[in-house]
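**Student:** One-letter residues, chain by chain:
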Amino acid sequence: MKVLLVDDEIDFVTTLSNRLGLRGIETDVVHDGQEALDYVQEQEPDVIVLDLKMPGMYGMEVLRRLSKTNPKIQVVILTGHGTDRDEEEAQRLKAFDYLSKPTDIDKLADRIRGAYKFKLEQTMAAAAFAQAGEFDTAREMAKDAEPLKTAGEIFKDEDKDET
Amino acid sequence: MGETQAGQATEQTSMVQRTGDVEVDLGLRIAQLQVLSRALTNVAHDIQNHLAAINESAGWMGDLLNLKNKHRFGWIGRFFKRGQRDRLDTTPFFGEIDTIQKQVVHGSTSNRRLGDFAHRLEETQSVFSGNKALEEIRDVLLREAAEKGIHMEIKLANGTTMIETDPPGFQLAVFCGVEQVMEGLESGDRLVLEAEVREGRFHVRLTSARPAESLGLPSREPEGRDFSRTIVEELGGQIWKQSGDGNHITTLAFPLAAAGT
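Just so you know, the protein sequences line up as chains X and B, in that order. Here the working numbering is used: the first residue of the first sequence is 1, the next is one more, and so on. Here the working numbering is used: the first residue of the second sequence is 1, the next is one more, and so on.
It is worth saying that the hints were derived from the structure and are not from the lab. All C-beta atoms, glycine included, are put in the ideal place defined by N, C-alpha and C. Do not take every clue at face value.
[As the list claims (entries may be wrong)] Residues from chain B that keep clear of chain X, each with C-beta distances beyond 12 Å, as calculated:
id, residue
1, N49
2, G95
3, D116
4, R120
5, D139
6, L142
7, R143
8, K155
9, G159
10, E164
11, F175
12, E183
13, E199
14, Q238
15, P255
[What the hints assert, rightly or not] Calculated cross-link-like contacts (lysine-lysine; reagent style BS3-like; alpha-carbon spacing at most 25 Å):
id, chain 1, residue 1, chain 2, residue 2
16, X, K53, B, K70
17, B, K102, X, K107
18, X, K53, X, K94
19, X, K107, B, K70
20, X, K107, B, K241
21, X, K2, X, K107
22, X, K2, X, K119
23, X, K2, X, K53
24, B, K241, B, K102
25, X, K117, X, K94
26, X, K117, X, K72
27, X, K107, X, K53
The following block holds chain X by itself, in its conformation from the complex (with noise of 0.2 Å):
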């Protein structure tokens, strides 16, 4: 699982990365959105957990160019203050969840394999939707997916199990 780290904070973001790591999910870390476009060019990760507020692009940019670019890219949006609004527009543009911060490392590492489970699935669907032929279900499948309400409220559930 390739995991990406986007945050400006990099005290933050560094003890995030170590924490992580810890959790036996490695990370690589860059700080601002434009670095995070530059490193899909160049490798595209399973996952990446990005921060809204950073100087130059903000990360809603990002998460709207990566929508068109990228689509099967999850994001998870970790963000110090978002507002309703950014909640909503994170949801249309299919963000597998989005977090406050702080929040709990366990749950941020439960978010991330989530989202790397859910685009695997959605992988092997497409996969063998194109085995049998039907290219034009492959296609939607591998590009159209709507992670963030069916993932959210699975989390939601387990969540109301834990309390």
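Fit chain B to the known structure of chain X by using the hints.
**Tutor:** Here is chain B on its own, set in the frame of chain X:
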């Protein structure tokens, strides 16, 4: 033109002038609030990032301590034990880390509420949840109420509470309304903020055992109208006071958003 007519004309001109002044005053105050709110939103965002960094650093310390404990009993533990007669009890460290993280959560929750309140002030005419906006106002006034010894309660409305109005105007009117009720209260008193959807309007009822000083922030002019009344009416709503059964109630009513918006 007779003397009486001239007098009426002068009076009308003066009323128009006063109304114009109130509108300018109101616009100015809202503009001031919007500038302040932008600054506040940015500060709140920065604080949230600092809290997140503290939280991760504390968590990382916990992770490292856990790692050390785990290794103490595994094969790597042999290296840790070498030359170590008195083992360090890590329990108090975990206790302190837990305290740091709990405080971060408290600080972050308060900061997020402040940020939400400030952010709403930046918006212009829009559709938003009356319940949520009322909760934000309650949150930013909780500390002041606690300092005065006032017990503040909130009862939210059932069902959809989407209202369509100017958010800074809504916040200013309700905020000033609550402030004025609190002005008249004493330590140990109770103030209930209650929301209800009734007759196509979102009602905010402020109930206390003592009467409010006025209907929201009073006008600067002695004969002027209460500021909250001016705002609420500009937003297409109404504001009134009533008393009975030992309760004094200030009600602010705002138009609900059209269905489907």
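**Student:** Could you run down the list of hints and mark each one as holding or not?
**Tutor:** Right, here's what the structure says about each hint:
no.	hint	in the structure
1	N49	violated, 5 Å
2	G95	holds, 18 Å
3	D116	violated, 8 Å
4	R120	violated, 9 Å
5	D139	holds, 15 Å
6	L142	holds, 20 Å
7	R143	holds, 20 Å
8	K155	holds, 22 Å
9	G159	holds, 19 Å
10	E164	holds, 15 Å
11	F175	holds, 20 Å
12	E183	holds, 32 Å
13	E199	holds, 27 Å
14	Q238	holds, 27 Å
15	P255	holds, 20 Å
16	K53/X to K70/B	violated, 38 Å
17	K102/B to K107/X	holds, 16 Å
18	K53/X to K94/X	holds, 19 Å
19	K107/X to K70/B	holds, 22 Å
20	K107/X to K241/B	violated, 48 Å
21	K2/X to K107/X	holds, 18 Å
22	K2/X to K119/X	holds, 12 Å
23	K2/X to K53/X	holds, 23 Å
24	K241/B to K102/B	violated, 42 Å
25	K117/X to K94/X	holds, 16 Å
26	K117/X to K72/X	holds, 12 Å
27	K107/X to K53/X	holds, 22 Å
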